[in-house]
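> Numbered according to mature numbering (1 follows the signal peptide of the UniProt record, and there is no 0), the sequence shown spans residues -25 to -1, 1 to 165.
Derived by calculation from the structure, the hints in this document are not laboratory data.
We put the CB at the ideal spot given by N, CA and C, even for glycine.
Careful: at least some of the hints might be erroneous.
[What the hints assert, rightly or not] Listed next, with one range per pair, are the computed distances between beta-carbon atoms:
#1 115 x 49: 29 to 39 Å
#2 33 x 148: 19 to 29 Å
#3 142 x 46: 33 to 43 Å
#4 77 x 33: 15 to 25 Å
#5 148 x 8: 26 to 36 Å
#6 91 x 34: 31 to 41 Å
#7 142 x 35: 17 to 27 Å
#8 133 x 79: 31 to 41 Å
#9 35 x 98: 32 to 42 Å
#10 132 x 62: 32 to 42 Å
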Amino acid sequence: MRHEPAAVLLTVTVAMLGVVGTAMADSAPPAHPAYTSADFENYRPNAKAVTYAPGLVPVGSTATVFATPTPNGSTTVVLYVEGLLANHQYGAHVHQKHCGAAPEDAGAHYQNIPDPVQPSVNPAYANSQNEIWLDFTTDRHGNAWTVSSVNWQFTERHAGSVVIHAEHTHTDPGHAGTAGARLGCVSVDF
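Whole structure, please, built from the sequences with the hints as guidance.
See the structure below:
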């Protein structure tokens, strides 16, 4: 069953805003929200969602990303996917750059406090509070949604995409933040 991504995200967003509450009404306005919804396709210039592994992220499957900063200085990112491989575990992270012809074009994971050693596999930097991790497991229809909240916002260093990986994210030293091959990418103007 195909859901309307906008309806799903509206429901989640209303719930998220309810959590923030009216106590923050007098706070300074947060940075802008970000939204992308697109079908995965083979790479072409200006494609919003690119598949690098059509067997696991099929052409025509869909990804929707919504990110919103909150008045208290945090950021919440929602990822909703449809039509991926059924009952499969995927990793997903916010990356530094927009999607490109090659999987590595999206750059490294966006880190609030960048690790001076790259690629970053140190759990002091490669963790779910310094990066935005959106791991998920699809249902029998290949659909899933996930939410990640961090206690920081994007500043002049904006991120550019959400990359879907082959497996859930590892946390052990020397492998922290890794999640296998890059299967697909969604460009987002965070």
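> Look at each hint and say if it fits the structure.
So, going through the hints one by one against the coordinates:
1. 115 x 49: 29 to 39 Å: Cβ of residue 115 to Cβ of residue 49: about 33 Å, so the range 29 to 39 Å holds.
2. 33 x 148: 19 to 29 Å: violated, 35 Å
3. 142 x 46: 33 to 43 Å: holds, 36 Å
4. 77 x 33: 15 to 25 Å: holds, 19 Å
5. 148 x 8: 26 to 36 Å: holds, 35 Å
6. 91 x 34: 31 to 41 Å: holds, 39 Å
7. 142 x 35: 17 to 27 Å: Hint holds: Cβ distance 23 Å, inside 17 to 27 Å.
8. 133 x 79: 31 to 41 Å: At 19 Å between Cβs, range violated.
9. 35 x 98: 32 to 42 Å: Holds: the Cβ-Cβ distance is about 37 Å, inside 32 to 42 Å.
10. 132 x 62: 32 to 42 Å: holds, 37 Å
Against the hints set out earlier in the document, violations occur for numbers 2, 8.
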